[in-house]
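K.L.:
Got chain V; can you put chain Y on it based on the hints?
There are 2 protein chains.
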Amino acid sequence: MATISIFGKGNMGTAIGGNFVDAGNEVTYITKDSTVDQLGDIVVLAVPYPAIAAILDSYKNLLSGKIVIDITNPVDFNTFDGLVVPADSSAAAEIAKKLPNSVVIKAFNTTFAATLASKKVAGEHQTTVLLASDDSKAKEQLINVLNGSGLGIIDAGSLKRARELEAMGFLQITLASAEKISWTGGFGIFK
Amino acid sequence: MATISIFGKGNMGTAIGGNFVDAGNEVTYITKDSTVDQLGDIVVLAVPYPAIAAILDSYKNLLSGKIVIDITNPVDFNTFDGLVVPADSSAAAEIAKKLPNSVVIKAFNTTFAATLASKKVAGEHQTTVLLASDDSKAKEQLINVLNGSGLGIIDAGSLKRARELEAMGFLQITLASAEKISWTGGFGIFK
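As they're listed, the protein sequences go chains V and Y. For what it's worth, our numbering labels the leading residue of the first sequence as 1, then goes sequentially. For what it's worth, our numbering labels the leading residue of the second sequence as 1, then goes sequentially.
This is chain V alone, in the form it adopts within the complex:
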């Protein structure tokens, strides 16, 4: 069992929290009104990308030594035609730069909230979460902690692969926004 702190209690935070609970962990949500003097073993940043910077500023010390999970898709909502992070970087890499004493894992950004809640893509195929991080042990720990959640999990490599995960997450959002796919569907992963 691990203790999980989730910043944000929207669709994504709630669905991700549900999976940690289903796997037998203790989840605490942190919202704007929360008073926080400690964080769990694993911290999930389940807020939109523009809200991340303020959290990192306020909680930098408490985040030290923690596994920090970035789930964001840093879409440029002014243009809806690209991301706000540098093209050769990623939200996860930018966050990691600001948290040198934390371990950052990119995860949950290629899976819509509904597919995390139901554990199925389009009601028919197991939802699989892709992880990217430079810390293999932390990825293993996350996989163990989510064991029993009902989600599939694949280690997709180093933190550098967050660039590709975010491209995929962005593409999936554009497809759903254009009604080419539904928000309960999207990319399923077949081994």
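Some hints here could point you the wrong way.
With a Cα cut of at most 27 Å, we get these calculated BS3-like pairs of lysine-lysine [as the list claims (entries may be wrong)]:
1. Y:K9 <-> V:K160
2. Y:K137 <-> V:K191
3. V:K119 <-> Y:K32
4. Y:K9 <-> Y:K32
5. Y:K32 <-> Y:K97
6. Y:K191 <-> Y:K9
7. Y:K97 <-> Y:K137
8. Y:K32 <-> V:K120
Computed far set for chain Y versus chain V, every beta-carbon distance over 12 Å [as the list claims (entries may be wrong)]:
9. T14
10. A23
11. L99
12. G148
To be clear about the criterion: a stretch of chain Y counts as covered by chain V if any three or more of its residues have a C-beta under 8 Å from a C-beta of chain V, and this derived list gives those stretches [said to hold, decoys possible]:
13. 82–88
14. 135–145
15. 182–190
Think of the hints as simulated: they come from the structure by calculation, not from any bench. Note that CB positions come from ideal geometry on N, CA and C, so glycine has one too.
P.N.:
Frame of chain V; chain Y shown alone:
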């Protein structure tokens, strides 16, 4: 019925050609030994990215006015840790710059050859091809020409989305190379 010229007769070229034939079109393969004085309505560049430049140089005039399909994943095989095209661009965008009188469509790069040949991802879910191009009519034409192939096809937007399609294609290749998925599996698309 359309006439299709395919540069390259490897796994990808053959699988793509099979789909055009299945949809009732006439396919001609072009290899290094071919003598070519004209090209079909649609031209597929089914060669590795490093081999594209020479084809564009040799066939620039014949490619004028054609729909040119770029299927490449421009992986940096020295590092296997990124792409050889600029991070904010794509192979398709680079090709389009060199072919101002052709219409470039990105397609077939997020689907492994085996899934194009069998029309199924992992033998169980319809293979779906994602298209990106700035020319909506050309994308419609390609969708019509492939009608009856057994493949699903989704218009994923402008040519700019080729960046995301290539990120996804690269990610899928890294996952298969790391044996996290098989070369008959990968990303399935659920509506």
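K.L.:
Where does the structure disagree with the numbered hints, that is, which hint numbers, in rising order?
P.N.:
As far as the earlier hints go, 1, 2, 3, 6, 8 and 14 are violated by this structure, in ascending order.
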